[in-house]
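Line by line, the protein sequences are chains A and B.
So for the first sequence, this note's numbering puts the first residue at 14; every next one is plus one.
So for the second sequence, this note's numbering puts the first residue at 1125; every next one is plus one.
No wet-lab data here; the hints were simulated from the structure.
Treat the hints with caution; some may be incorrect.
Claimed, not checked - Across the chosen pairs, the derived CB separations fall in these ranges: (1) 127/A - 1128/B: 34 to 40 Å; (2) 288/A - 1273/B: 47 to 53 Å; (3) 414/A - 1233/B: 56 to 62 Å; (4) 1243/B - 123/A: 52 to 58 Å.
All C-beta atoms, glycine included, are put in the ideal place defined by N, C-alpha and C.
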Amino acid sequence: MRLEELGPRLRRLKALVEESPHILSIAAIFYFLPFIMPSLYWTRILSTAFVFALFAMAYDIALGFTGLPSFGHAAIFGMGAYALTWCLRAGLTLPLALLASCAMGSALGALMASFLKRVREIYYAMVTLALAEIIHMLMDKAVWLSGGFTGLRVPKPMGISSEALFISYLAISFLAFFTCFFALLRKLKVERSKSALAYLMAIGIVFLLFLALGPSLIWEALYTSVYRLIFGMYFTSFTVLLASYIILRRVVNSAFGSVLVGIRENEERMEALGYDTAKYKIMAMIISGLFTGLAGGLLALVSLMPITPSVLGAEYTIEVLLYSILGGLGTLVGPMLGAGIVVFLDMRLRPFFGAHWFLFTGTLIVLIMLFLPYGIVGTLLIRRVSARRLFARLIRYVKKRRS
Amino acid sequence: MIETVLVALIDGLALAMLIFLIASGLTMIFGLMGILNFAHGAFFMLGAYLVISVVSDLGLDYSVSLPISFSIGFVIGALVEMLTLRPLHGKHVAQLIVTLGLLYVFTQLVVVIWGTVPTLYIPPSLAGGNKIMGLTVLNTRIFIIITGLLIALALHLFLSKTRIGLIVLAGVEDAQMVEALGINIKRVFTLTFALGTALAFLGGSLAEPWQGANLALSGYMFLGFVAVVVGGLGNYRGSFYASLLVGIVHALTAHFLPILTFVIDFLIMALVLLIRPRGLFG
């Protein structure tokens, strides 16, 4: 990059930060979070939650935005995990292995989407579910490929527990914090925006907590590689989630995203308007598959357990469906929130439910579809709109009474 | 060689009857209500487990368990339709998600009630086999084939000769028209769903002396899907012929190419969907 290009680019970045301070504030908070958590256990739970949040977001591109009932995402997820494992076992570096997961995911997404030219709605659900079961069964039988019942051990990628990564993690956290801090301060001064004040207070509190609790942990992490490993995994999974969210938000807000929503609402009309809907649906499925594969790869990285063929099982489709509908279909934040809630519930309630966890999740899915069809975020969005209307109606009523 | 083929054919015929009991319900529910019922596999499995309970806990004969299973299935189906599917009428994707959730609820209920250990009960009257022209034919297969054919005939008579059956068939053709003619279509929906569920329960009970009661039984739902697609949606006659085709192909692959079981069935479904989406018999 030439030096004179740097100026405009930085200015554009600054504009981006000022435009949407909430993303950067939340990023800064999450980057500091592991240092103020009571134990490393929570850091690991959060890393897992990020993985499932990414999975749920990718799934929502297919089901929530485009209205494609794909019930085969578990196979894409699992094969993404295997792609990363194979690459790491072959001695490749982590970024390359994650790219391989993406490639595997988009390839499988394209395979499932290849039926979309002829097959719609319910047939599509049937085909994807069957295809996923076949892939699961084949991997189950191909022990040399999948490791069978005992699974494949995932080797730790080079550099994930290195000091260099840990220090760059800290540097990026501080950078995110200070950029965000000054951007918010400016916004507060210029626009007197109340939300900026709230964000400023939130990141201020987190930063103060970090100053109080962080140094001892950082000191320990500089000397223990296990600490660095867990921080490295947290940093990697959150950074990937953040980057994916920013990319997917652009996709969803683009003209392409609007066409997808149009297909969900009324496919015939979009066709009549001259859009090649099959092509758009295939693209949506490939994008969804790409990020699903990435999430699978991250799971293999984060879980610290051998990868077995059960990662391809339909249980993961059920889980991701639950995250998406709990948070709200057709939003990006909803599925992430849903994933966070369910992972937390899973941790707290699994000891009570034990093996009957799926009784709980299955019942929850039915109840949500019946009583909360828009999910948490969707319901909030709808309520706010109707609250505004109510307010407007009230003002009109008062005015009429006065006159 | 020729003997293995014959054994596979008989297995295939018996399997075809079981598939038909799944597929006929699925196809009528789909044709009438536009719902693909993912919970059907769990209903099939519940039918098999009910036999175990009726025989060992209540101490009744196997033959009694068939009508019990049918009526329990009918009640469960009616309740499921009225409580979970009727409120979502017209929202196909939402209904799809609900039935997928129900699949997990019922599968897990089986684990809660009966545990995960597979069991097999063969009634004494069906144990063993007969030698027919030098070929040992197991009694359970013959029983499944004959009972399955009788049920198929009864279903055919019910649908084509009785007033209610004709209303159901007319609803499959055009539900709105039937409603416009002053028939309470919601009640027809409930009846059809309950009947389909009862048939799946009955299929599971028939399968028990052969397959035993285990958690893998819900996988037969996939064969049901294949038969539904091959036979054409909403076409119960087509699903009968398709079940014969799928059952025999599945049994032959299971005997000669065990690694490709289910793969070939899926390929059949994919081919039919790509070449003739209305089904081979539609």
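Unmet hints by their number, sorted upward, for this structure: 4
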